[in-house]
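**Q** Could you slot chain U onto chain V? The hints should help.
2 protein chains.
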Amino acid sequence: MKIAVFGTGNVGQSIASKLASLGYDVMIGTRDVKEAKSRTAPDMYGNPGFGTWLESNTKLKLGTFAEAGSFGELFINATSGGSSVKVFKSVKSDDMKNKILIDIANPLDFSKGMPPSLIPSLSNTHSLGEEIQKEFPATKVVKTLNTMWCGLMVNPNLIGGGDHINYISGNDPDARKEVRKVLKQFGWKDESLLDLGDITGARATESILPIWLRVWSVTQNGAFNFKLVK
Amino acid sequence: MKIAVFGTGNVGQSIASKLASLGYDVMIGTRDVKEAKSRTAPDMYGNPGFGTWLESNTKLKLGTFAEAGSFGELFINATSGGSSVKVFKSVKSDDMKNKILIDIANPLDFSKGMPPSLIPSLSNTHSLGEEIQKEFPATKVVKTLNTMWCGLMVNPNLIGGGDHINYISGNDPDARKEVRKVLKQFGWKDESLLDLGDITGARATESILPIWLRVWSVTQNGAFNFKLVK
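Chains as they are written, first to last, in numbering that gives the first Met the number 0: chain V, 0 to 229; chain U, 0 to 229.
Because the hints were derived from the structure by calculation, they are not lab data. We treat Cβ as the ideally placed atom computed from N, Cα and C, and that holds for glycine. Take the hints with a grain of salt, since some may be wrong.
Claimed, not checked - Under the rule of at most 27 Å between Cα atoms (straight-line distance), these lysine-lysine pairs were calculated in the DSSO-like manner: (1) V:229 <-> U:183; (2) V:229 <-> U:180; (3) V:229 <-> U:229.
Said to hold, decoys possible - Residues of chain U clear of chain V, computed beta-carbon distances all greater than 12 Å: (4) 9; (5) 38; (6) 41; (7) 72; (8) 73; (9) 125; (10) 137; (11) 161; (12) 176.
If we strip away everything but chain V, and leave its shape as in the complex, we get (with noise of 0.2 Å):
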């Protein structure tokens, strides 16, 4: 199956490499070629720049919004959330009918200093996922993996024993079932895994980004998540 993930950052190039390491066909999409890889010294983190990391990561394609929008028979959405639907609209509207649009992004303001807040716009009573699917809706948005660091979305088991709970909101079940099966390759165990129901969903887990970000910040370490006790 052909994915398509747009946006280049770590959470982008942590699902794209692992989609690639399962066999699937994947193009990174990204707002201007050239530039994505002219993107050469590391991050804060160390981590290498967008366009070492793709040299070493030969498997992957690199096109546009659009050119990924033609490419991938599944979506990813690893923007940044509020500029997604911007992205989304540079994608021609026949590309995104029927798709699967897995978003994984979060509303993060970071207009008013660190740590960020969500997009007044973009949450409480509304969220990312459905602005999406309101802007789209044709388009089957299913929101997941947006409550942790991005290498525990591809590696759950590298914690706990992968028991940690991941959510799963969208309007169309089918699509809910689909996403279920790309999650269970990433190492996703099926009572790891919450059905929210329909997108509304999406505005109880991006409400997660807050006490995601305080832990994060009084423990000084992004591999942890939250387990369901009942």
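**A** Below, chain U without anything else, positioned relative to chain V:
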């Protein structure tokens, strides 16, 4: 020690009866004592009305908010979040000074239907805990216990051997330590209590309500909490 519990709902009742069972001298504060006593009809979950409940909890005192404020050496806010500031404005300002106020309330907004959202002016870049602290700068506000069903607040061992998380936020480190002592009397283990630092941590913990409510709606059982896996 004399403790004033503000609020007559299920949360206030759970906390007040637990404190009394621990030997504390407890007064519940309410807007209108006569009206509170007249509530005898059970609620939609079959819990007895406050008046009926009070009759079987003979150790507990009942007074106005002002009377509770004069009585208590430690305050607990179990009022509905949207009215909490108003409640404490009806306490004599001298009685607010240098008291520890344990804020276990949430700024839920029921005006847009069920499930509730958060009150916009008290969410994201603001919080109820911060708002109370701002309005009463001489009071030591400590946010805790607001992220779970009241049955677990006072009896964490009810699930998972008590091995799940409770957060503590407040500007005064000594007040946070005092509150930790009370929580340990409720059954909380030190390793389950995560100190989030200053009262802005309330933004993070109040933001848990949307996912709490969503999980509750899916599982149909409020006796759950989250555990930090790392």
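**Q** For residue 38 of chain U, is the shortest beta carbon distance to chain V beyond 12 Å?
**A** holds (31 Å)
**Q** Checking one constraint from the list: CA of residue 229 of chain V to CA of residue 180 of chain U, max 27 Å. Satisfied?
**A** holds (25 Å)
**Q** Confirm or reject the statement that residue 125 of chain U sits farther than 12 Å, beta carbon to beta carbon, from all of chain V.
**A** Check fails; 10 Å does not lie beyond 12 Å.
**Q** Grab the minimum beta-carbon distance between residue 161 of chain U and chain V and tell me whether it stays above 12 Å.
**A** The claim is violated: residue 161 of chain U sits with its nearest Cβ about 9 Å from chain V, within 12 Å.
**Q** Would you say residue 73 of chain U is clear of chain V, with no C-beta pair closer than or equal to 12 Å?
**A** holds (25 Å)
**Q** A cut-off of 12 Å on Cβ-Cβ distance, and residue 41 of chain U was said to be off the interface with chain V. Does that hold?
**A** holds (26 Å)
**Q** A cut-off of 12 Å on Cβ-Cβ distance, and residue 137 of chain U was said to be off the interface with chain V. Does that hold?
**A** holds (26 Å)
**Q** Straight-line Cα separation of residue 229 of chain V and residue 229 of chain U no greater than 27 Å?
**A** holds (19 Å)
**Q** Can you confirm whether the C-alpha distance between residue 229 of chain V and residue 183 of chain U stays at or below 27 Å?
**A** holds (20 Å)
**Q** Test the statement that residue 72 of chain U is away from the interface with chain V: the closest C-beta pair must be farther apart than 12 Å.
**A** holds (30 Å)
**Q** Confirm or reject the statement that residue 176 of chain U sits farther than 12 Å, beta carbon to beta carbon, from all of chain V.
**A** holds (16 Å)
**Q** Taking 12 Å as the cut and beta carbons as the points, is residue 9 of chain U off the interface with chain V?
**A** At roughly 19 Å from the nearest Cβ of chain V, residue 9 of chain U sits farther out than 12 Å, so the non-interface label holds.
Going through the hint list in order, the structure does not satisfy hints 9 and 11.
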